[in-house]
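Please model the complete structure; the sequences and the hints are all you need to start from.
Protein chains in written order, with the UniProt record's numbering: chain F, 1 to 639; chain V, 1 to 175; chain S, 1 to 146.
Read the hints as simulated data drawn from the structure, not as lab findings.
Backbone N, C-alpha and C fix where the C-beta goes; we use that ideal spot for every residue, glycine too.
Please note: incorrect hints may appear among the correct ones.
[Stated by the list, open to error] Covered, in the sense of this in silico footprint (three residues per stretch, anywhere, with C-beta under 8 Å from a C-beta of chain F), are these stretches of chain S:
#, region
1, 10-17
2, 33-44
3, 69-76
4, 80-86
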Amino acid sequence: MIAETALAALWLAAAMSVLQLLFGIIALRPGGGEIVPAMRPIAVAQALLVGLSFLLLIQLFLRTDLSVALVAENSHTMKPWLYKFAGAWGNHEGSMLLWVTVLAIAGAAVALFERRLPERTLIATLAAQASIGLGFYAFLLFSSNPFERLFPAPTEGNGLNPLLQDPGLAFHPPTLYFGYVGISIAFSFAVGALVTRDVGPAFARAMRPWVLAAWIFLTLGITAGSYWAYYELGWGGWWFWDPVENASLMPWLAATALLHSVTVLATRDGLRAWTVMLAVVAFSMSMIGTFLVRSGILTSVHSFAVDPERGAFILLLLALYIGGALALFALRVGTVKEGSTFDLVSREGALVANNLFLSAILGIVFVGTLYPLLIEALAGEKLSVGPPYFNKVAGPLALALVVVMAAGPLLRWRRDRIAEVARRMIVPLAVTALALTAVLLLAPGLGILPLLGLVLALGVGAASLAPLWKRNLRRTPLFTWGMVISHLGIAVSLAGMASEAAFTKETLVAARPGETVRVGPYSLRFDQVEPIAGPNWTAMEAKLTARRGDGGAFVLRPQARTFSSPRTDTSEAAIATRLDGQLYTVIGRADESGRWQLRLWWKPFVTLIWLGGALVAFGGLLSLIGRVRRRRRDQESHA
Amino acid sequence: MRRILLFLPLTLFVAIVLVFAFRLWAPGDTIVRSRMVGKPMPDFALKPIVPNHPGLAAGDLHAGQPRLVNVFASWCIPCRVEAPQLETVKARGIPIDAIAIRDKSADVTAFLKSNGDPFERIGDDPRSQVQFALGSSGVPETFVVDGAGIIRHQHIGEIRPEDVDGIIRAFEAAR
Amino acid sequence: MKPKTQRLFLLVLAIVAVLGAVLLAMSALKDQAAYFYAPADVAREGAPQGRNVRIGGMVRQGSIRRNADGVTIDFVVRDDSPHVINVRYRGIVPDLFREESGVVAEGRFQESGLFVADEILAKHDENYMPPQLDVKKGEHKSESLK
Chain F
1 MIAETALAAL
11 WLAAAMSVLQ
21 LLFGIIALRP
31 GGGEIVPAMR
41 PIAVAQALLV
51 GLSFLLLIQL
61 FLRTDLSVAL
71 VAENSHTMKP
81 WLYKFAGAWG
91 NHEGSMLLWV
101 TVLAIAGAAV
111 ALFERRLPER
121 TLIATLAAQA
131 SIGLGFYAFL
141 LFSSNPFERL
151 FPAPTEGNGL
161 NPLLQDPGLA
171 FHPPTLYFGY
181 VGISIAFSFA
191 VGALVTRDVG
201 PAFARAMRPW
211 VLAAWIFLTL
221 GITAGSYWAY
231 YELGWGGWWF
241 WDPVENASLM
251 PWLAATALLH
261 SVTVLATRDG
271 LRAWTVMLAV
281 VAFSMSMIGT
291 FLVRSGILTS
301 VHSFAVDPER
311 GAFILLLLAL
321 YIGGALALFA
331 LRVGTVKEGS
341 TFDLVSREGA
351 LVANNLFLSA
361 ILGIVFVGTL
371 YPLLIEALAG
381 EKLSVGPPYF
391 NKVAGPLALA
401 LVVVMAAGPL
411 LRWRRDRIAE
421 VARRMIVPLA
431 VTALALTAVL
441 LLAPGLGILP
451 LLGLVLALGV
461 GAASLAPLWK
471 RNLRRTPLFT
481 WGMVISHLGI
491 AVSLAGMASE
501 AAFTKETLVA
511 ARPGETVRVG
521 PYSLRFDQVE
531 PIAGPNWTAM
541 EAKLTARRGD
551 GGAFVLRPQA
561 RTFSSPRTDT
571 SEAAIATRLD
581 GQLYTVIGRA
591 DESGRWQLRL
601 WWKPFVTLIW
611 LGGALVAFGG
621 LLSLIGRVRR
631 RRRDQESHA
Chain V
1 MRRILLFLPL
11 TLFVAIVLVF
21 AFRLWAPGDT
31 IVRSRMVGKP
41 MPDFALKPIV
51 PNHPGLAAGD
61 LHAGQPRLVN
71 VFASWCIPCR
81 VEAPQLETVK
91 ARGIPIDAIA
101 IRDKSADVTA
111 FLKSNGDPFE
121 RIGDDPRSQV
131 QFALGSSGVP
141 ETFVVDGAGI
151 IRHQHIGEIR
161 PEDVDGIIRA
171 FEAAR
Chain S
1 MKPKTQRLFL
11 LVLAIVAVLG
21 AVLLAMSALK
31 DQAAYFYAPA
41 DVAREGAPQG
51 RNVRIGGMVR
61 QGSIRRNADG
71 VTIDFVVRDD
81 SPHVINVRYR
91 GIVPDLFREE
101 SGVVAEGRFQ
111 ESGLFVADEI
121 LAKHDENYMP
131 PQLDVKKGEH
141 KSESLK
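This is the structure:
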């Protein structure tokens with residue numbers, strides 16, 4: 001009965017979104033004002049219904065109800081409960097249901113809490129939001145029903161891909177989805193504002209918290225995804241420029257640009273058309289990301305699972321929403337009133353430069369990700385685009401962007417003088433010069449990108465703190481703190497990337513138990529290998545005793561695991577984290593003479609990469625709290 | 001000039017969607033083709049897995065008449081999906097043998113009971129060795145083997161209703 | 001600057017920046033993209049020099065040799081043609097890398113014709129996954145051959 005109830009709730013929620021769209025259209029017509037009060041309750045009812053449906057799906061997974069096809073295909077009675085729980089969204093149908101659930105809840109939140117936007121724009125926004133939801137409801141109900149029954153019910157489920165059986169990964173997709181959905185709200189705001197031709201600071205202030213929230217989730221999602229790939233795949237790398245990774249990076253780049261341009265619009269009423277355009281682009285990137293991952297058209301030249309029907313559905317939605325929004329943009333934006341102008345040497349100027357660099361990087365990642373597709377469509381040749389391309393082309397632009405990021409917050413709005421700016425930059429410039437000398441003396445012969453990365457990380461780190469210089473720290477608004485911490489986070493992360501690229505030590509050997517292997521400052525004694533078993537896997541586990549100089553010894557136990565259902569082999573790296581880096585160990589297979597392959601890395605300060613990412617997200621959170629608090633205060637004083 | 005510029009994003013977007021659509025409907029060569037098509041069946045002899053079916057050996061596939069070999073497992077969901085299509089193929093007079101991958105006797109019996117049993121011989125491949133020798137990368141897969149024991153066709157994935165005609169054509173071509 | 005001029009200026013600047021990036025990307029792609037070669041392609045077109053490529057085929061029966069250091073392996077990749085590619089790889093191979101099984105390797109050809117692989121991408125998961133099964137991150141790299 002649970003599955004049927006859930007399906008009924010899903011249908012009702014879809015009906016609510018139809019109502020929300022229709023009422024919105026009627027309300028925007030002349031004389032339609034009297035049904036305006038109905039909009040908010042409808043949005044809330046939609047969220048409650050679809051939320052119920054999603055909770056029931058989780059319930060089905062927790063019970064492992066194998067008569068439901070989705071559960072049978074993706075779950076297993078032997079699975080730990082956490083993965084049963086996470087299994088609810090660790091598959092196509094469930095993740096789409098999660099998508100639309102978050103979308104509806106966010107829509108309800110807009111309906112309940114958004115008071116400052118002109119009423120007509122709010123109505124148009126809710127209608128746009130409903131039309132997005134409607135597409136996903138149709139997708140779920142007509143092509144990806146998560147509650148389909150299987151008859152007869154199997155006795156055992158198919159299991160979940162072991163690579164996905166990881167606590168971090170269980171919460172990774174939802175995090176990204178929260179980000180995608182937040183961006184969809186920004187998109188709805190942009191469409192609403194285009195419909196009513198009301199693009200101005202009020203619109204920007206209403207949109208900003210949503211962009212910020214989405215951006216925080218995307219930042220967290222990318223950071224966590226990178227760490228997951230790092231420790232789970234056992235290849236020692238932290239970013240592979242894989243299409244799936246790029247699919248999450250592209251919306252982040254667009255959202256970052258949007259976050260900065262919306263600030264210009266809110267503060268100085270400039271960049272009106274550009275901000276609307278970016279909102280559309282950011283949402284397109286999250287839709288394209290979803291499309292690429294879901295349709296499987298980009299996985300590789302050798303992948304199985306291309307599902308044309310499913311991909312076609314998402315592509316159709318993509319074409320409708322983005323095509324519609326871009327057409328609306330082309331037709332309407334000419335009639336949007338012009339914003340104010342500014343000097344090139346000013347905060348606005350720096351933010352424009354930030355936007356240009358981010359857009360250029362976005363373009364490069366986008367082209368690199370889709371190039372194999374394009375070439376195969378046009379020339380029929382197969383190829384892959386990997387790290388050499390992305391690092392070479394996007395790397396220098398990213399470093400230039402970081403320089404702009406250092407200077408931007410030190411510029412005044414409207415107009416500034418170069419001499420003044422230079423005076424404010426003295427300390428960061430001195431730090432940069434010192435860092436350059438130090439790196440050249442202490443670590444000669446570095447590659448150009450790692451060298452620039454290290455030097456800029458230090459200089460930019462100093463510059464990012466400069467806005468707090470000579471300020472009363474208690475009186476500094478929370479969102480200024482947020483900006484400073486986020487920018488500092490970027491510098492910290494850059495330092496980690498550069499250090500990892502410049503100083504990593506790697507050892508690859510075949511060793512017999514009893515032998516000792518060196519990597520970086522560590523010596524590791526290879527004690528033994530023993531077979532062990534987990535709930536649904538068996539493994540060969542090595543025992544490595546590591547010692548650094550005269551320091552205390554500690555044990556690392558990397559494993560080569562074999563999962564039973566479905567059968568998959570994975571390697572579980574053993575990682576020891578120290579203040580100045582990580583020791584990363586992987587065990588391979590034995591050869592005929594009884595030697596085991598061991599791959600060891602010493603990665604100095606690699607943890608800064610993810611620490612920086614967390615700082616960036618934390619800064620975003622501070623900004624969000626600061627903005628929401630200030631808005632609440634303003635609203636109270638208006639009332 | 002400005003109006004043209006404003007439509008530029010839309011034009012670019014339409015171009016991208018067209019490329020996506022093209023790739024989606026003409027997925028091209030995305031499937032790992034077995035390098036075994038056109039080659040003789042590798043040599044193997046598998047024990048029976050259930051009492052009421054004999055096991056399967058490479059020699060059984062040199063019988064002068066083409067046969068189908070279905071690689072399946074009771075734990076595999078798509079194998080359930082293709083069961084009705086195998087029944088259809090069998091009803092057209094095509095003999096089908098099977099290889100059960102990493103399976104247990106009781107599970108196979110239950111599987112055949114609930115999903116139908118179109119098979120003549122069923123070989124037990126507990127460690128996927130024959131599956132690998134066949135160049136097969138997963139379950140289910142179906143091979144058309146001609147009367148001289150040469151593999152003529154490989155179908156990867158479950159046989160959907162729309163695939164049945166193709167399988168039968170491949171079988172007729174192997175005569 | 002008049003508002004109208006500034007708007008147009010910014011718009012043109014944005015378009016130039018993005019188009020510039022795309023052109024830069026395209027020209028870099030010419031050098032950096034790794035094309036895919038089977039042994040027959042190499043025999044027909046010659047071994048591409050000085051750039052990263054991917055090769056693919058089957059690991060020939062009995063061709064895997066482990067060198068004395070225990071971590072370098074040599075093997076031969078074949079396809080349906082009479083041609084082969086000799087491959088050398090230093091590292092830990094995926095567990096499902098074995099003889100008479102499919103393999104894709106990324107790396108460079110030496111002048112001698114030997115292919116030195118930086119990375120072996122063998123299929124990771126031997127089970128057939130129904131199309132709808134979400135493998136998301138699992139499609140990463142070594143699973144891409146599935």
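Evaluated hints:
With 5 residues having a Cβ less than 8 Å from any Cβ of chain F, the region 10-17 of chain S passes the three-residue criterion, so the hint holds. With 4 residues bearing a CB less than 8 Å from a CB of chain F, the region 33-44 of chain S meets the requirement of three and the coverage assertion stands. Look at the region 69-76 of chain S against chain F: 3 of its residues bring a Cβ nearer than 8 Å to a Cβ of that chain, three or more, so the hint holds. Counting residues of the region 80-86 of chain S whose CB falls under 8 Å from any CB of chain F gives 0; the rule of at least 3 is not met.
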